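**Student:** Counting in our numbering, the sequence shown runs from 14 upward without gaps.
In case anyone wonders, no lab produced these hints; they're calculated from the structure. Among the clues, some could well be false.
Each pair of labels, with its calculated beta carbon distance range [stated by the list, open to error]:
#, residue 1, residue 2, range
1, Lys57, Ala31, 18 to 26 Å
2, Arg60, Glu16, 16 to 24 Å
3, Gly59, Ala30, 24 to 32 Å
4, Glu16, Tyr49, 12 to 20 Å
5, Gly59, Asp37, 27 to 35 Å
6, Gly63, Asp27, 19 to 27 Å
7, Lys57, Tyr20, 19 to 27 Å
8, Lys57, Ala15, 29 to 37 Å
9, Arg60, Ala19, 19 to 27 Å
10, Ala26, Pro62, 29 to 37 Å
11, Pro62, Ala30, 28 to 36 Å
12, Leu51, Ala26, 16 to 24 Å
Remember, predicted model here, so these are calculated numbers, not experimental data. A virtual CB, placed ideally from N, CA and C, is assigned to each residue, including glycine.
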Amino acid sequence: MAEKKAYPLRINADILAAAQRWADDELRSLNAQIEYVLRDALRKAGRLPGPTHPTPEQEEDTP
């Protein structure tokens with residue numbers, strides 16, 4: 014498993030509350046939810062480090 018690093022985050026209170034509700038709905042901690050959202054955004058942008066996996070958009074282009 015990759016090393017975890019602590020990072021202080023300044024965030025709008027409304028966004029934090031919405032993220033907490035989303036995390037609660039999916040039975041995740043707020044930290045895990047933020048990491049999930051960031052990882053998904055990085056994957057969709059093609060910026061996730063490590064082995065490359067085709068995005069759903071790339072898979073649709075395959076004949």
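**Student:** The structure should be examined with respect to each hint, and the outcome stated for every one.
**Tutor:** A quick look at each hint next to the structure:
1. Lys57 with Ala31: 18 to 26 Å: Holds - the Cβ-Cβ distance for Lys57 and Ala31, about 20 Å, lies within 18 to 26 Å.
2. Arg60 with Glu16: 16 to 24 Å: 19 Å Cβ-Cβ, so the 16 to 24 Å window holds.
3. Gly59 with Ala30: 24 to 32 Å: holds (31 Å)
4. Glu16 with Tyr49: 12 to 20 Å: holds (18 Å)
5. Gly59 with Asp37: 27 to 35 Å: holds (30 Å)
6. Gly63 with Asp27: 19 to 27 Å: violated (33 Å)
7. Lys57 with Tyr20: 19 to 27 Å: About 21 Å separates the Cβ atoms of Lys57 and Tyr20, which means 19 to 27 Å holds.
8. Lys57 with Ala15: 29 to 37 Å: Roughly 20 Å apart at Cβ, these two residues miss the hinted range, so it is violated.
9. Arg60 with Ala19: 19 to 27 Å: At 22 Å between Cβs, range holds.
10. Ala26 with Pro62: 29 to 37 Å: holds (31 Å)
11. Pro62 with Ala30: 28 to 36 Å: holds (30 Å)
12. Leu51 with Ala26: 16 to 24 Å: The hinted range 16 to 24 Å holds for Leu51 and Ala26, with Cβ atoms some 19 Å apart.
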